[in-house]
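Assembly of the complex is requested from the two constituent chains, each provided in isolation within its own frame, with the hints serving as guidance.
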Amino acid sequence: MQFWRRRSLWLALSASSLLLTLLGFFPFLRLAVSPRPQPAAPQGWPRWLDTASLRSFSQPEEPPEDVPQPPQAPHGTSCSWGICFDTSRCRGDGLKVFAHAAAQPTSEMHRRILASLEGSRYHTRNLTEACLLFVLSPEDPDGQCGPAPQHWNGGRNHLVIRLHPDPCPQASQLGQAMVAQASPRVDTFRPGFDVALPLLPEAHPFRGGAPGQLQQHSPHPRAALLALAEEGGRWRTAGTYSSTCPWDGHCEQDLGPKQTRPEEKLPNATFCLIPGQRAEASRFLQALQAGCIPVLLSPHWELPFSEVIDWTKAAIVADKRLPLQVLAALQEMAPARVLALRQQTQFLWAAYFSSVEKVIHTTLEIIQDRILGASAHPSLLWNSPPGALLALSIFSRSPQDFPFYHLQQGSRPEGRFSALIWVGTSSQHPLKLIQAVAGSQHCAQILVLWSSEKPLPLKWPETTVPLTVMDGHRKVSDRFFPYSAISTDAILSLDAHSSLSTSEVDFAFVVWQSFPERMVGFLTWNHFWDETRSGWGYTAEMANEFSMVLTAAAFYHRYYHTLFTHSLPKALRTLADEAPACVDVLMNFLVAAATKLPPIKVPFSKQHRGAAPLAPRIPASGSQPQPPHQDCINRMVAEFGHMPLVPSRLRLDPVLFKDPVSVQRKKYRRLEKP
Amino acid sequence: MCASVKHSSRGPALIPRMKTKHRIYYVALFSVVLLGLLATGVFQFWPHSIEASGDWAVEKRSAAVPVVRLPRDSPVPERGDLSCRMHTCFDVYRCGFNPKNKIKVYIYSLKKYVDELGAPVSSTISREYNELLAAIADSDYYTDDISRACLFVPSIDLLSQHALRIRETAQALAQLSRWDRGTNHLLFNMLPGGPPDYNTALDVPRDRALLAGGGFSTWTYRQGYDVSIPVYSPLSAEVALPEKGPGPRRYFLLSSQMAIHPEYREEIEALQAKHGEAVLVLDKCTNLSEGVLSIRKRCHKHQVFDYPQVLQEATFCVVLRGARLGQAALSDVLQAGCVPVIIADSYILPFSEVLDWKRASVVVPEEKIADVYSILQSIPRRQMEEMQRQARWFWEAYFQSIKAIALATLQIINDRIYPYAAISYEEWNDPPAVKWSSVSNPLFLPLIPPQSQGFTAIVLTYDRVESLFRVITEVSKVPSLSKLLVVWNNQNKNPPEDSLWPKIRVPLKVVRTAENKLSNRFFPYDEIETEAVLAIDDDIIMLTSDELQFGYEVWREFPDRLVGYPGRLHLWDHEMNKWKYESEWTNEVSMVLTGAAFYHKYFNYLYTYKMPGDIKNWVDAHMNCEDIAMNFLVANVTGKAVIKVTPRKKFKCPECTAIDGLSLDQTHMVERSECINKFASVFGTMPLKVVEHRADPVLYKDDFPEKLKSFPNIGSL
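Chains as they are written, first to last, in our numbering: chain X, 1 to 674; chain G, 1 to 717.
Chain G on its own, in the form it takes in the complex (with noise of 0.2 Å):
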């Protein structure tokens, strides 16, 4: 491609030099190389069926296949044991130690299985077991290592028994290379059992091998060992239902399946005849005109209509069990985004490990048919709307196609080997729009810390010693103060001798920094061992004994917020159309200043390890804003405002009015603001909350002796 650039870029600064009868030879002459090299460049990238990413042709495809004749004696495996578990089947030293946490599988070779007289076992692989190969093989989980597997995928096709003969079906899975019982073999199968019984489990004998099955019942699934799927249905990639908003639809209660007994036809016909327009059953068409297919036509009387489209008229959607307990129009439905009515006794619902069905569907005794609308009835609109939302999207998170069933069948195998890594419920079940908007707080247990615990003081200075004594020792005189730590910011400057230290009740501890950083002073220092930090800049000496104490307080009473002194506010200016930062008297706080402020300690973590995009760099490149950082941080994870305590509007101290002085200008307010707008964008959204109260002693201000209150020294501003 690149040879054919140059040559049509040299082209034109040749030809206008040549003579007129030359140029038409040479023009022609150009474009058969061009058009040659474009040809050649087209033909290398188009997909090949002879590359070695192993795509075959039909052909190619027979004879590559090796053919394994199966001789009448070779062993059967037992038929499955259904006191399997993970621990006593599963060999779990196959999966060994994986510092990623994922299960490696192994895809067997496609072989072609005959009998002695040379008949094939089964007929040959049908698409979906093709696509579901390809899914696994591209997945993370897959590897070509037989030696490392975990996991072994034959490539035998079980997706319906129907198609099988069973015994010889057995005798090829038990020469698998690897099969030993059929341990730490996954076999999938969608439609088990055959007339008359139908069995709910694949009856191909298997012995340990693990199911991953399409209607299991109670008494044939393993819980914790085999994994219930959907029955997949073809018409989801064949049919594009847009989806539609939740609400109540034109019928109330729908059954559209064909295949459905007699007897409970007619109970679902008795309901129609007694509730009349909601309720609509359809039965296959009769009277089809010749070419229509079928399968996407129902009728009812006369009238026909488009299957599935028909589903996105109902609210309800009746899957009854057929001869077979899992059916396809259970994904059908969904994908409609028709709450699902499931009628089939001790049917074990897909993915149940899992996935909450009470959130999508509603399930019905079979000998309550007749019960099921007034048992719909009951069911508020609201939460109607949220299980069709719910049904909709479990449809495209785990049955829209083969690919998602087999990643889900997967996921649920490898939690079970690697707890620790395990996907949580609301990751399986909450559907997108949730994830977004919900916060899980970190500190949820509603906890009030014993005051005995104390707090740790984290005095961040560079080299202004003198003002970092002053700090120490008024901080020192706190009462529940338990351990001091100095973070020595300053590279060039050793911390003063140990005998010069002001000498204080508590321990304290002086760390250097290998770096001048601001984010030094929120490190996850191993010192600190109290839950509540009290972050202190080296120059705040204004604040009281009782002040601190009071905060200490207040935040034992609010472990999971920051608490903080002085408020400062994000204001949306319209003009502007941006964030601004503002630290006029407002009637509103959303941040405080971390000068000196509580908060539990696992936010140094989160600040150090978990802050979001290049915002701890950012800060340390400009060295400010490091608090509406924290700010940001703990409100995002929190979901929850900032306490702010005691009057207090700003720190000031005699020494440091120069600092002061910078911190009211201009251009360190436009600086704040352009913070606020960067961090805003990096969390992608606000996560700061205005409130409008502040906490204050019970007693603050009230008319009661001074000397009878325990926090008398707080007001000043």
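Next up, chain X with everything else stripped away, as it sits in the complex (with noise of 0.2 Å):
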């Protein structure tokens, strides 16, 4: 038996031996066999085991011999902004631009281009306090090039302004200045110093400008995939999803089913492709404009104020060399992106391409930008809704502070909010409101402006949040002043002789918290087209639309008085002043054009609707001859260049508004006493 134990050991123990010295030799029969990597197996780089003993590619640095001199430009002529462009000129104010007496306006274009800079913020009358000078190349197709202008200087801080391609060819004539050109080529372009304009149509608008062709957000299931920039400034719309090659001699399969529709001068598409040649880029807009994402191949050109804006979320820049595989990736580009790019081309046209004072006024604030430097606008500002025309820099460099970026940033707006109470000339003493506004739980504190002819009350009530009051200057716009008291995003607008509950202020506060890029309102107004005087109206008459809410009494974020203050052209801020019932209409002219969104409407309680008319300057209903100050809307489109406001049908209620439960599960109850 013992044996039988002892010969089964042995076996185990002689296996096991085996093995191991099968295992352990292996690895030094390989060492011997092949000291080098098989060349069969994936290598990779080798893993050298002496890493460590091998030197870095870095020694101290020696200090430079001679005066430092900034690296020279092959021949000299080139510039860039650190370099050819003096900023000490434009400290104090900021940008301040003066346009050359030697451009006078030869065209109907430049004469577009020198109204648009006239209405900037940035322009002035004064040479000797202007910063940039601003100079229009002569339209001359030949390529003449006009005499340089006075105090030429060089171009030192000199804009030229050059909307045709190649109107002039030398270049070296220009000396420092920067140049702002249409479709610039890529290679003489110089990033940074120059600006790249849009290539414009003569007949472009002035102002305001045709919107975004696009309807819907989506592309209908049926539209065609591509359009073809054709000869002759028409599209050609290629058939839906063909796996063919739609341009030039690369392919010889067959095109496919397509339609051709010549008397379009719009594509419609999902994509437009867009040859690179340069005398193709005005179909650039074209396409911008009808919603057709842009498939450049391979551009000659430098993209529209490519500096500030992200064209990656708006076109794609495909190489004209491998026409199929660009076809296999538009064809399987993720729904999510195609809906993205859509978008964004709309955004694009609308907010910095749709008229000729948006491409100027987008011209200076890159160049305001630049002198900025650190407190420019960030990326985010240029490229998402409503862009950085519309975004002052002035207000904040933070994305946060604006009411826009709540969501890209993860942020939301603050939960209190400022009343601002303004006393015009006949308003008596506004306690009872007061005392309403200042038992809301989310309110931080209460600004007085006075703007009574009448003495400033010693007695104020007591409050639980601080009241400061300040004297105003008896104007109308001074209510949309930037005030720096003013501590919290929101504010809370009211006349004196508004009346309102707090469930009413609060329910509303709440509201606003939801969208506080809208105004939100107790009281609407509604504009309509008169055909018999072929202008607009508006009316305070009950309806089932409405498309402005009383600044009287509504939330708004406090941004929109730095846009009032900033943005407006001086005359409309006049107007207002002029004619006070005005300023809801501006007010909510401006809002709309920034968000491109109807105002809020939430309910108040009828008992103040009978007593104290929250709106004493409701104008006279439509059919009755309208006051002149009727007229300011019409004033309004034309500075706006169109009709901002848009109409809504719906109301927002509390949840159990007039439900028919009991009051005690309603939080809002104070809203619903007859």
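No lab work stands behind these hints: they were computed from the structure.
Some hints could be false.
Claimed, not checked - Simulated pairs of lysine-lysine, DSSO-like, Cα-Cα distance not exceeding 27 Å: (1) Lys96(X) to Lys358(G); (2) Lys649(G) to Lys667(X); (3) Lys689(G) to Lys658(X); (4) Lys666(X) to Lys689(G); (5) Lys313(X) to Lys102(G); (6) Lys667(X) to Lys689(G); (7) Lys320(X) to Lys102(G); (8) Lys596(X) to Lys578(G); (9) Lys667(X) to Lys650(G); (10) Lys701(G) to Lys667(X); (11) Lys578(G) to Lys666(X); (12) Lys689(G) to Lys596(X); (13) Lys610(G) to Lys313(X); (14) Lys666(X) to Lys649(G); (15) Lys580(G) to Lys667(X); (16) Lys313(X) to Lys100(G); (17) Lys701(G) to Lys658(X); (18) Lys650(G) to Lys666(X); (19) Lys100(G) to Lys320(X).
To be verified - Here are the computed distance ranges between Cβ atoms for each label pair: (20) Glu367(G) to Pro482(X): 29 to 37 Å; (21) Ser681(G) to Ser398(X): 27 to 35 Å; (22) Pro211(X) to Arg250(G): 51 to 59 Å; (23) Ser398(X) to Tyr609(G): 31 to 39 Å; (24) Ser398(X) to Trp585(G): 54 to 62 Å; (25) Ser681(G) to Pro211(X): 27 to 35 Å.
As the structure is a computational prediction, the values presented were derived from the model and not from experiment.
Even glycine gets a Cβ: it sits at the ideal position worked out from N, Cα and C.
This is the structure in structure tokens:
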């Protein structure tokens, strides 16, 4: 028995030692056979054992011996912002632009450009305080270069506008001037110094401009995939999702079904193929307006405003040498990307390109951003609605301070508001109003703007929140001045004679927190097109729609005070001062132009409506002859270039509003008191 | 290893049966075998120098690396072509069609180049270049098949021009097997130029090759062709600087570089004299004791500071150009979370093609050095803190290792070649914290679709034909209905014949499904042509035409939201410590039932193809909560709340009391609560937003003649 046991043990032992030998020996075998990596095996880069002993590439730098000179350009003619532009002249007030006398308008387009410049808040009529001089290159396609204007100074701090791709071949003649040129060549364009403009059609409107053509976010399922730029300014729509090569002779397959609609100036497709030649650059704007995602095939020109606009969000720059690959990529593009690109084309069109004024103002804003340096617009402000022309950098540089970017920033508007009570000429003491507003749990402070002829009362009611009285300048536009005393995001704008309950204020504020970029108000007006006078009118009549809320009682973001004061043309603010009823229209225009959305109406109790009218300035109804100030809406449409107001058909009520349940269940029960 | 385990488990079972004398003997024997096996095993898994993975030791390298002798007259490439752009100098055909949208990179094997006399052309490969090539070889970009490669990386180390013999190095490049005027070749260089004029790009003639260079100026950088890269700082790997929270630090402005031109040093020292304690200017130490690394110390007068630790004491740190524009100090400064103040005219900042340096740095022209202090003072505190965070994040993502630099470079080139798959600005620039909390609404454009578009009603039905027909008749009265789609979810029964269906004024389509699944109601059917979709159950006959038309009008004003009738709420149950579903009369809503709800058709696509985790299958398996899942999905992707329209509280109809009775059932509520908890855990967050409002027509319950109201027939619960 023991023998068997011992024998089996020996067997096991010898088996394991054999295994041991084999296992242990193999590596040594391999060592002997092959000292270098086998070429067949996937090798990668070898792992050296001695990396620690390898020397580092870097060595201590020796200090420069000579007086440091900035690296020189190969020909001495190239410029960059830091070297050729003298920002010290722009200290103080920032950018001030003077249009050169030599730049007298020679064409309709020139006239529009100069008018846009004059409408800009950076414009000055004083040459000595200007830090940028504006020169219009003559619009002579033969390339006649006019003589240098006065005060040329080697072109320093000059901006030369060229609307044609190649008017003047001698670039060297421009010296140190910046060139804002339509579709500049990529190889002569100086990034960060020159400005790339879009190639504008001759008939491009001065102001406002046509809205984008996109009517829906996602492409229609039957819409064509591709439109191709054809000669003669036409577009050819290629068949839906045909797997063939739709342009030039690279592929020989059949083009599939196609419809040619030569009468169409704008393409109707998801993607627009635009060849890379500079002559085709004008197609780019057409595609943008149409909401057709531009697919640029190796463009030889710099995309407009490329310094600030992130074109990867709105267009595709593809290589024309790989047509099939481009086509396959377009067909397989994820719906999320198509959706995002489409919407971005429309946003960019409306924000920067739809009118000459926007193009010129964008150009100046870019230069202003360069001067500001660290406090320039962040990229987010340029590349998401409403765009940098409507998100002023003087307000703040932090996106979360604006009402527009809370989603992208993952932030929320503040949970408190400031009540701003305007006491006009004939107003009585807003005692009750102060008490009602101060009763709101969200109220942070109350500001009284005393614009009355009467002397300031000595006694003010006791409130739990701080109350500040400011002396106004008897001007209606004062109401919308960005007072530094306003410490919260939300403003509750009130007239002294307004009458609101705490419940109403609370509910309206909670609603505003969901829509911080809109105005949330109680009383509404509606605008309409008056056929008989062929002009716009507005009415305070109760209707199924509204497009304005009265600022006599409305919540809105304090940013709109900055926008009102700094972006509106002076003419409009004067208009509001002259006809006080216009100020409501103006504020609604401003917010609607920024948001492209209607305001929001919340309920208020009838009791107030009967007793103390919230809106004393209610204009006459549409049928009666209108008082002169009624015309302000038409003057504003002219100044804005379009009618920005958007109608809404809904009112936001508390969830249990007027429902037949116990009042005890309701949070805003005071709202429903008869 | 397996064998050894087996032995040890057998061992104790055998031993007790033997005599003591033998026992010791066997135990000893077994231990020897066991140890041997263990040792073998360990040896097998220990990193080897001889394995096929390609690890070479020093002596092997010298033996394995083939020597290439360059004849004196071997060709030299042209100098770099300044007009090169991707579409002129880059051969994109080599990259061809690639379903993964990834370029393929080949690395030439290591060779040793000697001139005619046998003298080496360059010194051995540097630690960093070795690391760089290893990083590429380990990445998804790598291919070992030269014929499939789109980009070629030579193994000739060009990181520092200092160590190069320029003409011979160029000759070595020219004889690479696929050189072809340098087309599609990527050269890495961090320290370009040399005394006295320190060119800002590598002086080695390289024809059309792409240059990833550290220290480009605007004159030498070919926009959209070259890649500007950082100058790697070896201190990144040597010194660990823990992240320091943002905020003002002890010194407002710090200058820590050693090789600064005396003229500039004077100007900065003048700042120090003017602003005192707030400004600290450091220089190299002259009186260090033996053995102390002078690179890691900085001095101000006789005070010694540790470098780079001292950078963490400053809010802003000057990065001034020296002989070269690119400075390794930039990397140290970013690592310390100090905001770099870059004073180097015409310098192309690292990865400037994709990185937004305005968010992390302040660029000051050289002639404005004297104004630096006031320029920095004007930056608001919040912005400065933002920049500190951003600076640290740039270092972590793109500066901290050679690998990070190499991969970012390849990604940039990849994005140029496959622009449709390019990485977005946000992905490059937003720090992880922002990426987590931010929402990018897929329907961000403020746009009110025209009323004329109308909506498509989708009725999910199983076999309640009579009820279905009533729903169809009712819905067809809504003016803006443009098409009706019936999703027939019953596989065992055919839908009624065509002639039996109600005659309505809009097209009616019946879709038969392959399986009875709830998710079929949210499938993106080709038949849906309008953007607005009304999902409606086959028993919802109580909604009036006014209610439905008004719902559509509300959707037009909020096309990115779910617009529904009865609202529901989620609540945190503090006792159970989990979410609870609530259908009582509350002042708040966070969900709407999809028994009748308007939404954008894009959400059908998201529900079907992009629903996170296993939610979709889970819903189909439980035959419940598809509406809660849709509420979660929309709220998560848009960051917005639902809109409840009209006072309606529940879907109640005389015929379907049984169903309604069920929904009031306690078990039903428990199930719905479970759904919320399950979905919240899959989403990793609670995306639902609570609001206190609902949408009513403007004149709802106002004292106004009913017949003049647009939507008079609204208000029943």
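Structure-based check of each hint:
no.: 1; hint: Lys96(X) to Lys358(G); result: holds (23 Å)
no.: 2; hint: Lys649(G) to Lys667(X); result: holds (17 Å)
no.: 3; hint: Lys689(G) to Lys658(X); result: holds (24 Å)
no.: 4; hint: Lys666(X) to Lys689(G); result: holds (20 Å)
no.: 5; hint: Lys313(X) to Lys102(G); result: holds (20 Å)
no.: 6; hint: Lys667(X) to Lys689(G); result: holds (18 Å)
no.: 7; hint: Lys320(X) to Lys102(G); result: holds (19 Å)
no.: 8; hint: Lys596(X) to Lys578(G); result: violated (40 Å)
no.: 9; hint: Lys667(X) to Lys650(G); result: holds (20 Å)
no.: 10; hint: Lys701(G) to Lys667(X); result: holds (19 Å)
no.: 11; hint: Lys578(G) to Lys666(X); result: holds (26 Å)
no.: 12; hint: Lys689(G) to Lys596(X); result: holds (24 Å)
no.: 13; hint: Lys610(G) to Lys313(X); result: holds (21 Å)
no.: 14; hint: Lys666(X) to Lys649(G); result: holds (15 Å)
no.: 15; hint: Lys580(G) to Lys667(X); result: holds (21 Å)
no.: 16; hint: Lys313(X) to Lys100(G); result: holds (21 Å)
no.: 17; hint: Lys701(G) to Lys658(X); result: holds (8 Å)
no.: 18; hint: Lys650(G) to Lys666(X); result: holds (18 Å)
no.: 19; hint: Lys100(G) to Lys320(X); result: holds (20 Å)
no.: 20; hint: Glu367(G) to Pro482(X): 29 to 37 Å; result: holds (35 Å)
no.: 21; hint: Ser681(G) to Ser398(X): 27 to 35 Å; result: holds (34 Å)
no.: 22; hint: Pro211(X) to Arg250(G): 51 to 59 Å; result: holds (54 Å)
no.: 23; hint: Ser398(X) to Tyr609(G): 31 to 39 Å; result: holds (36 Å)
no.: 24; hint: Ser398(X) to Trp585(G): 54 to 62 Å; result: violated (41 Å)
no.: 25; hint: Ser681(G) to Pro211(X): 27 to 35 Å; result: violated (44 Å)
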